[in-house]
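Protein chains in written order, with my numbering: chain A, 21 to 367; chain B, 21 to 367; chain C, 21 to 367; chain D, 21 to 367.
To be clear, the hints were calculated from the coordinates, so they are not data collected in a lab.
Accuracy of the hints is not assured; some may be wrong.
Any copy, or any two copies together, can satisfy a pair, since identical chains are not distinguished.
Stated by the list, open to error - For lysine-lysine, the following PhoX-like pairs were computed, each having C-alpha atoms within a straight-line distance of at most 25 Å:
#1 K130 x K274
#2 K359 x K156
#3 K291 x K30
#4 K329 x K248
#5 K291 x K274
#6 K248 x K130
#7 K163 x K248
#8 K327 x K130
#9 K163 x K244
#10 K327 x K30
#11 K228 x K327
#12 K327 x K348
#13 K228 x K329
#14 K245 x K329
#15 K359 x K53
#16 K274 x K133
#17 K291 x K348
#18 K327 x K248
#19 K156 x K133
There are 4 protein chains.
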Amino acid sequence: MTMKAICKIKAGVGAQYVDCEAPRLKPDEILLKVYRSSICGSDLPIYYWSSWAPQRLKLPLVFGHEFCGEVEEVGSSTRGFARGDFVSVESHIYCGLCYQCQNGQRHVCKNMKIIGVDAPGGFSQYAVVPARCAWKHSDSSLKEVGSLMEPLGNAVYAVLVEEVVSRSVLVLGCGPQGLFAIAVAKASGAKPVVAVEASGYRRKLAEKMGADAVLDPSSPDILKKILKACGSADGVDTVIEMSGSPKAVELALKSVRNGGRVTAFGIPSEKLTIDWAEDVIFKGIRIYGIVGREIFQTWYKTESLLKSKAIDLTPSMTHTFSLKEFDKAFHVLSSPEKKCGKVLLVP
Amino acid sequence: MTMKAICKIKAGVGAQYVDCEAPRLKPDEILLKVYRSSICGSDLPIYYWSSWAPQRLKLPLVFGHEFCGEVEEVGSSTRGFARGDFVSVESHIYCGLCYQCQNGQRHVCKNMKIIGVDAPGGFSQYAVVPARCAWKHSDSSLKEVGSLMEPLGNAVYAVLVEEVVSRSVLVLGCGPQGLFAIAVAKASGAKPVVAVEASGYRRKLAEKMGADAVLDPSSPDILKKILKACGSADGVDTVIEMSGSPKAVELALKSVRNGGRVTAFGIPSEKLTIDWAEDVIFKGIRIYGIVGREIFQTWYKTESLLKSKAIDLTPSMTHTFSLKEFDKAFHVLSSPEKKCGKVLLVP
Amino acid sequence: MTMKAICKIKAGVGAQYVDCEAPRLKPDEILLKVYRSSICGSDLPIYYWSSWAPQRLKLPLVFGHEFCGEVEEVGSSTRGFARGDFVSVESHIYCGLCYQCQNGQRHVCKNMKIIGVDAPGGFSQYAVVPARCAWKHSDSSLKEVGSLMEPLGNAVYAVLVEEVVSRSVLVLGCGPQGLFAIAVAKASGAKPVVAVEASGYRRKLAEKMGADAVLDPSSPDILKKILKACGSADGVDTVIEMSGSPKAVELALKSVRNGGRVTAFGIPSEKLTIDWAEDVIFKGIRIYGIVGREIFQTWYKTESLLKSKAIDLTPSMTHTFSLKEFDKAFHVLSSPEKKCGKVLLVP
Amino acid sequence: MTMKAICKIKAGVGAQYVDCEAPRLKPDEILLKVYRSSICGSDLPIYYWSSWAPQRLKLPLVFGHEFCGEVEEVGSSTRGFARGDFVSVESHIYCGLCYQCQNGQRHVCKNMKIIGVDAPGGFSQYAVVPARCAWKHSDSSLKEVGSLMEPLGNAVYAVLVEEVVSRSVLVLGCGPQGLFAIAVAKASGAKPVVAVEASGYRRKLAEKMGADAVLDPSSPDILKKILKACGSADGVDTVIEMSGSPKAVELALKSVRNGGRVTAFGIPSEKLTIDWAEDVIFKGIRIYGIVGREIFQTWYKTESLLKSKAIDLTPSMTHTFSLKEFDKAFHVLSSPEKKCGKVLLVP
């Protein structure tokens, strides 16, 4: 079976829209007809052939790891799936056998492979994934946001790793993940939710996603403004660092209250300098490094928040392109003005 | 009433053994006849007039914050204490009124004052402390280790902030607090407990306190040796950083397994460089900044571990001096060879 | 100083509106000018001289334990309060010295006394309370609901003893506490919140407080209806039993899913028969007995939920009487039709 | 392939030692050569054809669900196992697809089947089990206790569902599971561990397993004796109810302190009468219904406790019979004098 796909064929910037053979199904896999894909920030190094991508990827590769679709065929040893099921894809291929996998921490599996990075992905008309990475929808109500459950799950895990009800929450960075984090915090009873973001376009999205206050990190006395917006000169209960900017990490540690919590999610491109004594020890804080989502606890929470309409992702879904228009999609996402939220692709 | 005390009278190295007036009792305080004191690492900057001490202290000051004694007199508004009670002293004067104090986090009170730093201490024959900082012993069985319950409490909190039973535990730094942490981990079912310490003298103490393996940080391939001793190439379940050495903090983050836990207790004297992406986020770890002890949850746990003889502090109590010999005591503790464990003073 | 008060002067039904001496202030107490009181279900046995009341009370007694007011005078040994402060009252006089008090469980203090039961209460113009039982408001925004923070705190603790975000929640019994529990669950991200209540009047209130579905326990197949409304044939994630009815407790245990949580709050008047094997062990559930509120963690959460307007108590505040009209108030609350929510008294 | 097995061929007391065909391997299963089996209390209703057994079992059935052995053959769709591996068997065949299975609660899977009850078991020379129910040993050090890891896991989960370090622990009932619970509590830092058991033989075993005090439930003032042995008139921190006796459950609820924890593990044969108000709500306790073990978190803890020799099961392994002698084995276990600990069978 041939299909259309976005394939990274050779080193260098860009990718190609090609006709290629649909991947073959192994016994423990399922074949999906992709319904929607979306672009993650971590797809940019692949497209631009920068950062970690050149060392890690084996080309050619169909990339893309946020996608959903209908089951076309099930492998002979799978259980629980049938043709016609609609599934979203957990991008982390966990081994299921290591200590982490057998102790409730599949998302940090020692033998992790990532779909669309270490294995063929979903910027294509068809995709195969291990059945253990497929999340079956119970009905069709979430089809349109099916590719967003993976990144939304990041935000759900990042925010809810500790309870936030009645707590002040600060979200640093309002890229798609930060925008999602705002919505999750609001839906979970956080009061107030304050966001910080440099892009004016995204500050507006942050408001639409429910932030009680949105601040520009370049404004003078940003720390004071944060504390005022969060309602306590003593500091913020919970800080969700989604940007990876070294300045934002510093702001996270300075703004959190004594005994508060910091989630570290945004990936800095370099090592950071931390005031370990003043900001970590003397404040008695907890720092959670968050990657991926709890498999599948987070998925159930994500589904519930979406189905109950506690979270509405619409404002964050700013752009949709056909698969063929992928170059436009990547340019929108990587433009310095950051005039986008989440960017989707339709095969 | 006059008494003997070690008083920091003027700026500069050292202190003086003086006759002075015993402090006056306020209504919410109790007066103690000090039975034992012990020297904390944080008493060294006071003695040597280095680091944070010159900025913070108002002289003259009787210092020392690890002590115990018998109640001589109780303030008019205190409840629950009577002459003759034996008490150990919680060195943190929490306000009891701030958010942290009213939410189970008195140890990071926003208005904290430290006995022996911001208020008169216990290197003296008598001392007054707020009644709310006194821990009453139920019998006399722990008198001899009464001044050690405060620092032991640090180790109890640092180790037990998350459960350790059946987990591998790595203790970095075997000063008195590290030695205590070894004993706490062992008594709490950790398997195995591995310690790392540069001083040969203290490595022997670490063995006596129950470490299953003790390593020299200067030995080649220390990370590999740690992993081997901890029983898993994947990393250590729980790392207790008690040294404050930048290299040790790095070792902590490198040796902990994906999804594991790091306790940050040892105070570095400078800012640190951290690989936030690789070592915190991608590993999905939890970092706890620990200062002080939970008031009074930790005290109850500490008492129970001592009374049941699950922990025996004897090997760590290497030196005892009379109050008058305090100069000797400080020299032992600050000698570069680190040929001591805990150093006690008898008034 | 004389004042008006509702006093239980002698055994038997009813109470008397009297002039009496305002209570004297001890050093660790504060004197309040009562602004609002409200009637708790546990005031009914006092008024009707039934159940536990005759054995426990020493008459004469001014009763009432839900109230708020302005500080008129502060005892000499109190800290943190000043004339003019507005406070709500924690009705549990905890000793502060027992194991529970010193381990984060003041609400189950071994030496507990209850204001308005074991000590003079707040159905009066003035009241004295230990300063450690006073919760200071940060501004005047919550004055009108100041007496409701105590019972709302029960609901906050009962619901939030485990996280509810994204979980289905079943509230059994929609008396004032059940109504509050509905609001708390909604504000905390529970989806859906289903309530069960026999009184048609209260079922309407339950809807107004935000329940997604409200059921009549006498309807046929109530268990099936609950499961349908909660969205899973497998059972409910979280059950909050607020009624104390033996049938409701049974329904709680039957409706909760395997591995789910039950909060036991409503007080049955007799012993219960439980299928310990089938309903507790084989289902692998957790049961939390809840009494009172965490002091003061729950108060901070309660304040935050009210101040952010995440919770609006208005629909539940159905009746307000002057102190003098207390007989009417008690009759409304104890009428078999249960045509009321919360009943307030204005001194 | 034929094999020897204990087979329940027809209704009525007893079973038969037969030659039968070894079970056929499905693609997701592994075939084991059984090395050791052990008898669980829940095997008695099968042998005696009493209680739940007649309704549930489909005969003929090879029963037995505690066993270990060497992998002889692996199904075509399994991953992670190879001929020669040594495995212990998790007796709960969880579906892996239901809400509970995908949310860290496989042990209460909605579609649970039990090996040796709903599927062929391990009182035989060979057995097949789903690969997802096999726990691979990392070396041969635990072969002799390989069949005991399943029941020991029950005790590990029952005791460690909340931390016990430094807490008083009361174990009610010293059958094999109670004996194991004593060892787990001791290894986990509980102080003291008090056991209650009617059989004198088992009281001696309880001492050998490490109980600090062992009491006879028929002795007068047993509640007072328990509190004295546990070291606090206020009650016990943690009660582990392993007997299923209604009197023991009552004792559990009466002896636990305010704010303490009760584990419900022993299965009563009838419904129980509980003082829900006094013993659950007013005390503010937590009750955990425990069945099975966390899959596979508990298995890792169990392995660690055994490998480190923190737990020595030897005293509890009182009888070993050949498979052929199974009638003797069942008689020892069911004798009214209860003069046994764990009973093993060697194929």
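Each hint, compared with the structure:
For the homomeric pair K130 and K274, the shortest alpha-carbon distance between copies (14 Å) is at most 25 Å, but the shortest distance inside one copy (33 Å) is not. Taking identical chains as interchangeable, the C-alpha atoms of K359 and K156 are never at most 25 Å apart, the minima being 33 Å within one chain and 46 Å between chains. In the homo-oligomer, the alpha carbons of K291 and K30 never lie at most 25 Å apart, since the shortest distance is 30 Å inside one protomer and 43 Å across protomers. Proximity of K329 and K248 under a CA criterion of 25 Å is satisfied inter-copy only: 18 Å between copies versus 30 Å inside one chain copy.
Taking the closest pair of Cα atoms, K291 and K274 come within 25 Å of each other both inside a single copy (18 Å) and across two copies (14 Å). Taking CA atoms no more than 25 Å apart as the test, K248 paired with K130 passes between copies only; the shortest distance there is 17 Å, against 42 Å inside one copy. Taking the shortest Cα distances, K163 and K248 sit within 25 Å of each other only across copies (23 Å), while inside one copy they are farther apart (40 Å). Within a single copy, K327 and K130 get their C-alpha atoms only as close as 33 Å, which misses the 25 Å cut-off; across copies the closest is 23 Å, which meets it.
With identical chains, the CA atoms of K163 and K244 are never at most 25 Å apart, being 42 Å at best within one copy and 29 Å at best between copies. Taking CA atoms no more than 25 Å apart as the test, K327 paired with K30 passes in neither setting, with 41 Å inside one copy and 51 Å between copies. For a Cα distance limit of 25 Å, the shortest separation of K228 from K327 qualifies both inside one copy, at 19 Å, and across copies, at 22 Å. With identical chains, the CA atoms of K327 and K348 are never at most 25 Å apart, being 31 Å at best within one copy and 46 Å at best between copies.
When the C-alpha separation of K228 and K329 is checked against a cutoff of 25 Å, the pair qualifies both within a copy, at 15 Å, and between copies, at 19 Å. In this homomeric assembly, K245 and K329 come within 25 Å of each other (Cα to Cα) only across copies, at 22 Å, whereas the closest approach inside a single copy is 31 Å. For the identical chains of this complex, K359 and K53 are neighbours neither inside a copy (30 Å) nor across copies (57 Å), given an alpha-carbon limit of 25 Å. Within a single copy, K274 and K133 get their C-alpha atoms only as close as 35 Å, which misses the 25 Å cut-off; across copies the closest is 21 Å, which meets it.
Taking the shortest Cα distances, K291 and K348 never come within 25 Å of each other, neither inside one copy (32 Å) nor across copies (43 Å). In this homomeric assembly, K327 and K248 come within 25 Å of each other (Cα to Cα) only across copies, at 15 Å, whereas the closest approach inside a single copy is 34 Å. Both within a single protomer and between protomers do K156 and K133 lie at most 25 Å apart by alpha-carbon distance, with minima of 21 Å and 23 Å respectively.
Violated hints for the displayed structure, listed by number in ascending order: 2, 3, 9, 10, 12, 15 and 17.
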